[in-house]
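> Here are the chains, one letter per residue:
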Amino acid sequence: MKTAVAASALVAMIACEPSEVERGWECIAPANAGGGWDLTCRTVGRVLRELSLSPGLVRTSNVPGAGGGVAFARTVARRSDDPNVLVAASPATVLRLAQRQFGDLTENDVRWAGAVGAEYGVLAVAADAPWQTLDDLLAAWRSDPTSLVVSGGSAVAGQDHMKVLLLANRAGIDPKQIRYVPFDGGGEAMTALLGGFVQVFSGEGSEVEGQVEAGRLKVLVTLSPERLEGPLAGVPTAAESGLDVTWVTWRGFYVPPDISEEEYQEWVRVLDRVGRSEAWAEARRTNRLQPFFMVGDEFSDFVHAQVRDFQAMSREIGLIR
Amino acid sequence: MDSLRHLVDGFGIALQPLNVLLALAGVGIGTFVGMLPGIGPINAIAILIPVTFAIGVPPESALILLVGIYYGSQYGNSISTILLNVPGTASAVVTAIDGHAMTRAGRAGPALAASAIASFVGGTFSIFGLVLFAPVLAEWAIRFGPAEYFALMVFAFSALSSFASGSVVRALASTGFGLWLATVGLDPNSAIPRYTFGRIELLDGMDFVVVTIGLFAVSEVLQLLEDTGAGRSATALTGKVMISAKELASTGWTMVRGGVIGFIVGVLPGAGGTIASFLAYSTEERVAGASGRFGEGDIRGVAAPEAANNASVNGALIPLLTLGVPGSGTTAVLLGALLGLGITPGPLLLEEQPDLFWGLAASMYVGNAFLLLLNLPLVGFFVRALTIPRWILIPGVAALAFVAVYAVAGSSFDLVLMTLFGVVGYVMRKFSFPLAPVVLGLVLGPLMEKNLRRAMALSGGDWGVLFDSPIAITLWLLAIASLAAPLALAKLSPRHDAELPTTREET
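If you read the sequences in order, they're chains A and B.
Numbered according to this note's numbering, the first sequence spans residues 98 to 418.
Numbered according to this note's numbering, the second sequence spans residues 157 to 663.
There's no promise every hint is true.
Stated by the list, open to error - Some chain A residues near chain B, calculated using beta-carbon distances under 10 Å:
#	residue
1	167
2	198
3	248
4	278
5	280
6	389
7	393
Keep in mind the hints are simulated off the structure, nothing from the lab.
Remember, it's a predicted structure, so these values are computed and weren't measured experimentally.
Beta carbons are placed, not taken as given, at the ideal position from N, Cα and C, and that holds for glycine.
Whole structure, please, built from the sequences with the hints as guidance.
Structure below.
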């Protein structure tokens, strides 16, 4: 009897398997394993499963290339009405869209579902640097804009460059005068600061925490609406110095363009549940992400506004026409 | 000594029964996965990381498994490099030169054994380096700025002047081709696409795996077609399987030098195993002088890059764990794994979690040792793969590579590109242009360009910055010396010159 039950269970399992795979959700990370987008997919995928929001495991597939462009193009071209796929995104995606680096594709070619966490931009200097506050640094910068060199982990016109330019612009420094040197990732850019090759590091909060605790770096400003959680809680925001500049490196998702309105609303509802769950709050802290939560139309409007901001800035410094 | 005590504690952790079992499993799986061309160690680890998280073992055990997989796949990669001439990493491209030449001469067994033993010796040396010099070297790595990196690249390329016994002009032409390939993609300084012809797939540049598989494996298939058409049958020799004591002894100092070079270069973030194995190879070539048969199956040409590559892995741990900066592609993936396990690499890790740092170092050593134990007895088994007729083996391998590349990136464009590079590789072989410098140019070119432009940006366009520090000047002098040395030697000892052609003719 027992054997018969076990056998039929096994048969049922095998019979179910293909359809299970078909219905299963997939999260596309537009980069290789190990990066931020990959982590977003895997972490959110795990939480979806824990909360029983997804049918079975959420599969993460890596589609690297062109800073997310390959995954973007493929989602638009081949998966345009697939209701079971999420694609990880961040301001890096938006920046490339704003600068029209994905060919003819634009932010209107997908639907923006929501963001569930974020990091915020910071500027750091060496622990023994003469500047104690953002105002000190800006004063030095204003008097001789070309005397300081900034390092960052992204390419020219990428995120780390953009955040310095936005700040400089608001502070009345000519963005064209800012000297920025790109490195391969935040780690190398920070090493250049520690080695004394540059004077300012532009990056994200989580990148500098370790060095701040070791007393080798000091963070002069966070580009966040409020002070950060964790070791950088003592660092003032740009707004506290009277500069209205924030840089949110949100972690979120877009979905294919041609899914039905109900299917889109279903994704919004699912991400909403994730964002409010305790399981996600915990996973977010483990991954050293700050709270940031926005879904549906609000998020979509936010992304479109970001595109316009980035375009304006890129045009101003002559990166695009 | 404090660090030595921690290392002993580390071994205590690494040698627990569960961890030993995981290390063995990792090495076994890694060897198998690494043998598949087109996957390579980085992808092998990346693919298997979720598995590590899923089995729910403590962080140090998960790390041991990952490290085992890493070493295993590195060695598996050497197997396909030596037996089939299909390198899966840039450092293996150097091993391929003499490793595959040895296979063609029926000495595949000794080549595989030398690779395993050299890896072990390199690992042993570098672990002592880690114990003795970790904090000092972390400081040294920070002083290495863009100008110094640029000088290091120039030094590495100057080693090409005598590369692998071929014509210098052809080697330089191949390097130039590789450097040109390296410029394809988005320019990092101005975000302007170069040579992309509007193809979104080319924005990231040429993928290393796509180029290598095309140049090496696909062109081999074409060559095979031609041979078969011409009625020539390519029978592989298996020869003797075991390495002789004399052969092993001849590589003793080679392994030591390779280990030291590898460790030091490995400490520099971004430089990693490629430059290490490259420099170790050319150093040996110079040390051997006229007694060497580099490029034609010299066992030292296998031992040097393998020892250096393995030692560089331990070296790369220093910037990873003390600065949080990954020193190589593989350590970048390991970094992701560490973060996933809730461990934050950084300057305080060595002070706050010494058990983790030294546990990792110890487990790397254990992984290394298991690799030797597991694989030396299997050398004969691997060599037997050569008895499969080449007209089955090589197309089979190429087909596997196509599947692997498609599985990893999911792009049919890559497959077309791979085929194109196969044709390019075939033509290059016909005109006896060496293939290895293309890959080295492709891998090192972006580093060279970026660092030159960084140095220029930092100095505001003043070229003097390139010769501004003692480290940079030393590297420039080394570069000049390595260019001038072969010429000077040839002038000074005409006797060697006369001997050389005869030795070449014998082979």
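> If you take the shortest Cβ to Cβ gap from residue 389/A to chain B, is it below 10 Å?
violated (19 Å)
> With a cut-off of 10 Å, does the beta carbon of residue 278/A approach a beta carbon of chain B closely enough for the hint to hold?
Hint holds; residue 278/A Cβ to chain B Cβ min 5 Å, cut 10 Å.
> Quick check on the hint: residue 198/A CB to chain B CB, less than 10 Å?
holds (7 Å)
> Can the hint on residue 167/A be confirmed by a CB-to-CB distance to chain B that is less than 10 Å?
holds (6 Å)
> Using 10 Å as the Cβ threshold, decide whether residue 393/A counts as touching chain B.
This hint is violated: residue 393/A lies away from chain B, its Cβ roughly 29 Å from the closest one there, beyond 10 Å.
> Given residue 248/A as an interface hint, is the shortest Cβ-Cβ distance to chain B below 10 Å?
With a minimum Cβ separation of about 9 Å from chain B (threshold 10 Å), the hint on residue 248/A holds.
> Can residue 280/A be said to touch chain B, with a Cβ gap under 10 Å?
Since chain B brings a Cβ to about 7 Å from residue 280/A, closer than 10 Å, the hint holds.
Against the hints set out earlier in the document, violations occur for numbers 6 and 7.
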